[in-house]
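K.L.:
So the chains spell out like this:
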Amino acid sequence: MERIAAWLHEKNPGLDGPIDTDEDLIEARLIDSMDFLEFIDLLEELSGTSIDLQEVTIDDFRTLGRVQERFLSTAG
Amino acid sequence: MSTPSTTALPDGGLRSPGAGLITLDPVHTALLRGLDDLLTGLAARLSAPEVLGPPLLSVEGLARLDFFRNFPHLGVSAGRFDADALDGLAAGETPGELGLRPTGHLLPSATCYGLLLSLEGRDVGEDGLRLSATGRCFRNETHYDGLRRLWGFHMREVLYLGTKQGAVEHLEQGAEFIRQAAASLGLELSRAVADDPFYDKGGSRAKLMALDPVKHEFSAPDGTAIASVNRHRNFFGERLDIRAGSEGPAYSACVAFGVERWVHAMILTHGSPEQALDRLREARLRGVDG
Numbered sequence: 010m011e012r013i014a015a016w017l018h019e020k021n022p023g024l025d026g027p028i029d030t031d032e033d034l035i036e037a038r039l040i041d042s043m044d045f046l047e048f049i050d051l052l053e054e055l056s057g058t059s060i061d062l063q064e065v066t067i068d069d070f071r072t073l074g075r076v077q078e079r080f081l082s083t084a085g
Numbered sequence: 006m007s008t009p010s011t012t013a014l015p016d017g018g019l020r021s022p023g024a025g026l027i028t029l030d031p032v033h034t035a036l037l038r039g040l041d042d043l044l045t046g047l048a049a050r051l052s053a054p055e056v057l058g059p060p061l062l063s064v065e066g067l068a069r070l071d072f073f074r075n076f077p078h079l080g081v082s083a084g085r086f087d088a089d090a091l092d093g094l095a096a097g098e099t100p101g102e103l104g105l106r107p108t109g110h111l112l113p114s115a116t117c118y119g120l121l122l123s124l125e126g127r128d129v130g131e132d133g134l135r136l137s138a139t140g141r142c143f144r145n146e147t148h149y150d151g152l153r154r155l156w157g158f159h160m161r162e163v164l165y166l167g168t169k170q171g172a173v174e175h176l177e178q179g180a181e182f183i184r185q186a187a188a189s190l191g192l193e194l195s196r197a198v199a200d201d202p203f204y205d206k207g208g209s210r211a212k213l214m215a216l217d218p219v220k221h222e223f224s225a226p227d228g229t230a231i232a233s234v235n236r237h238r239n240f241f242g243e244r245l246d247i248r249a250g251s252e253g254p255a256y257s258a259c260v261a262f263g264v265e266r267w268v269h270a271m272i273l274t275h276g277s278p279e280q281a282l283d284r285l286r287e288a289r290l291r292g293v294d295g
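Protein sequence lines correspond, in order, to chains A and B.
Just add 9 to the spot in the first sequence (first one is 1) and you have this note's numbering.
Just add 5 to the spot in the second sequence (first one is 1) and you have this note's numbering.
Pulled out of the complex, with its shape left as it was, chain A reads as follows (with noise of 0.2 Å):
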């Protein structure tokens, strides 16, 4: 998570501090709609797994919790 959270302080300069998992990031916009493939991109480095956007909703990007939770876990 140290990668994402890295991400999203570059993209956004002016935020201060630690995310909060339950941070809303698509409505914030801490997640810039023009950065979002970008953000898909690094998704697919971190999980070594290609993300089909046919098969996602947006809840799964809207929150720190809901990334880790749905991308990042190791279990199974």
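Worth flagging that the hints you see were computed from the coordinates, not collected in a lab.
Even glycine gets a Cβ: it sits at the ideal position worked out from N, Cα and C.
It is possible that part of the hints are untrue.
Unchecked claim - So the derived list for chain A, only partly shown, Cβ under 10 Å to chain B, looks like this:
no., residue
1, 14
2, 38
3, 42
Stated by the list, open to error - Derived, one-sided and incomplete: chain A residues facing chain B with beta-carbon distance under 10 Å:
no., residue
4, 43
5, 45
6, 67
7, 77
8, 80
As the list claims (entries may be wrong) - List of simulated lysine-lysine pairs, DSS-like, C-alpha gap at most 27 Å:
no., chain 1, residue 1, chain 2, residue 2
9, B, 220, B, 169
10, B, 206, A, 20
11, B, 212, B, 169
12, B, 220, B, 206
13, B, 169, A, 20
14, B, 212, A, 20
15, B, 220, A, 20
Given chain A, put chain B in place with the hints provided.
P.N.:
Relative to the frame of chain A, chain B by itself:
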């Protein structure tokens, strides 16, 4: 002295000046004005004061709103003739063969841009701000189609800036008004998720919009979208440093009406411009709430 009677139009009516351009005759004009008045009811309901946006928008301002990244194909530019062309023009040369110089301004493609740019650096407070305006908007299109798709048209918008929750409520109230206005006019509308006409349809913004639609349209039975509800998250608030008190960058949302398209939908539904006007007059007597 007798009172002059209404002047009749000549046989054949009013000519179109070109593709995508229409001179509205008196009945169509009465429909457009009357419909715009009726749609202003949303502004009255939400206590949104009426303003008049600027007739041109600066390229620099539009660039900050990502207009050119999103819609480079739509922009209709305001140009002026080169100074060294003026003598030739005055001597009767054909304007089409002479060079135009950019002025750094575009005609508006949407009513809200001019209003948003006018609020740069302002604080709208936590109670937020609503503004209502009708503007003539211009978009280059690949084809034109009667009142459905014009090079220039009237767009009424009721814009909100304020909190995240305020933006949600604005669009709920807007959608409810659209349903009531349509019902009062006998129009059957369907609501659906919509795309903005992004130039790069495979780009990041379009992909995110597919997952999280920020625009819904209300369409007549022939598929013509006549109204929309749009949320911008805090994009304009951030780009233009518009704040909502302690909430930080303002969230914004707008309810938009394509007024010529309401005219089109009325004629489609009621059979003729005259019948549409009769129905509009009845609706205005009853009121949208009636």
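K.L.:
With reference to the structure, classify each hint as holding or not holding.
P.N.:
Each hint, compared with the structure:
Given the 10 Å rule on beta carbons, the hint for residue 14 of chain A is violated: about 20 Å separates it from the nearest Cβ of chain B. Interface restraint check for residue 38 of chain A: the shortest CB-CB distance to chain B comes to about 5 Å, inside 10 Å, so the restraint holds. A hinted interface residue such as residue 42 of chain A counts as satisfied when its beta carbon comes closer than 10 Å to some beta carbon of chain B; here the least separation is about 4 Å, so the hint holds. Using the Cβ-Cβ criterion of 10 Å, the hint placing residue 43 of chain A at the interface with chain B is satisfied: the shortest such distance is roughly 5 Å.
For residue 45 of chain A, the interface hint holds, the least distance from its beta-carbon to any beta-carbon of chain B being 4 Å, beneath 10 Å. Taking 10 Å as the C-beta contact cut-off toward chain B, the hint placing residue 67 of chain A at the interface holds, the least distance being around 4 Å. For residue 77 of chain A, the interface hint is violated, since its Cβ never comes within 10 Å of a Cβ in chain B; the closest pair sits about 19 Å apart. Violation of the interface hint for residue 80 of chain A is found here, the shortest Cβ-Cβ separation to chain B being roughly 14 Å, above the 10 Å cut-off.
The hinted pair formed by residue 220 of chain B and residue 169 of chain B meets the criterion: a straight-line CA distance of about 16 Å does not exceed 27 Å. Between residue 206 of chain B and residue 20 of chain A, the direct Cα distance comes to roughly 23 Å. Compliance with the 27 Å bound is thereby established for this hinted pair. Of the supplied pair hints, the one linking residue 212 of chain B and residue 169 of chain B holds, its CA atoms being roughly 22 Å apart against a limit of 27 Å. Among the hinted pairs, residue 220 of chain B with residue 206 of chain B is consistent with the structure: their alpha-carbon atoms are about 15 Å apart, no more than 27 Å.
Simply put, residue 169 of chain B and residue 20 of chain A have alpha-carbon atoms about 21 Å apart, close enough for the 27 Å limit, and the pair holds. With a CA separation close to 19 Å, the supplied pair residue 212 of chain B and residue 20 of chain A stays within the 27 Å bound. In summary, the hint linking residue 220 of chain B to residue 20 of chain A is supported, as the alpha carbons are separated by about 25 Å, within the 27 Å threshold.
Checked against the numbered hints above, the structure violates hints 1, 7, 8; every other hint is satisfied.
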